[in-house]
Amino acid sequence: MDQFVNEIQYPPSVNATYIRSVIKQLSAFASPDALFNVEDLERIQELLDYNNLNIEVASLRLTPTCEEILLKEHREKRVPEEQLSKRGYYVDEVGFTHSLIVAVHQRDDLSDIDLVYKWLALRPGQNYVDTTVNGTPISPGLETWFSYKTRTVAASEEILTLRSDLRGCSLNNEPLKYFPTYDKTYCLMECEMERTLKNCHCLKLAHPRLPGIPVCRARNLICSRDATVSYAIDECDCLATCSVEQEISKISSFELNQHSPTYDSFYDGLDLERVSVVRVFLPNHVERVYQRKSYFTTFNLFSQLGGVFNSFFGCSILSLLELTLLAWRAIRSYR
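Take 1 as the starting number for the sequence shown in this note's numbering and just add one per residue.
None of these hints come from the bench; they were simulated from the model.
Watch out, some of these pointers could steer you wrong.
[Claimed, not checked] Lysine to aspartate or glutamate pairs mimicking EDC-like chemistry, simulated, CA-CA at most 16 Å apart:
(1) K184 with D237
(2) K184 with E245
(3) K24 with E39
(4) K198 with E158
(5) K177 with E190
(6) K149 with E245
(7) K177 with E194
(8) K24 with D2
(9) K24 with E56
(10) K184 with E174
(11) K149 with E174
(12) K177 with D237
From a predicted model like this one, the values you see are computed outputs, not experimental measurements.
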């Protein structure tokens, strides 16, 4: 962050000292919980416009990637090379001895903390769009446990022949207005985009870019937050995806102290009031597939018509056919 503040060019109306004191407010465009002052954000945007930078490019310059952090740790001899080369972490069971442990020190100066340091997200990247929030917030003095697994839901052949209103789900090959394939997440994002466009005449930083539509600036930030669509509550008419891989995350947290049952040598030297400990549990990959089937098919309908007629009309389908045949013969005989 100091490097960004020192290298950028300044217009006459702002200076480096002021920008250094307010630059963290830029995270308000990506984090819905971040506090901000509209006048300060407008000054930051004026600075970015002066340097021909947009919010997205500036945020990337202010936020180091995981690779950059690991390389820095390796250069400073904090992380052994053999640990950096380990690509995956999997566990057979959940427990404090079977997890990937991450300690996040939150005692650094504010100028040295990147814009999204306090969020942890456990989910794969989307093909076309990222979610509108960064993840789950982690706080100093807490230990947070995350477990993450997936399950697959597939549609049977009989489901695919039904109309969408009958099957209660949408197929992946049914395109949306802004996305070439269907997914409930894309549908909710599209709904939020439409709401934001209607109310604010712009799009959020997390939204896909549309030709001629600007990204919401500081004056529109409150409006765009009010237009947010909840991903947990169905605010839009978005059906589930018929065949989809579902992500299941469970989160729990408790206060850190020396009497914690998980306390071991890992915690030695840590300031438990100023550090966040995160334990991530990723079970071994076991493919479990659930299949959607129609509850009542056309075959079931015709096979049970006889019982329906017998119950409500006191006769079976065969009796009705016989009566119809007798009536038809009687009519022919009178002719």
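(request) List in ascending order the numbers of the hints, as given earlier, that are violated by the structure. (result) 4 and 11
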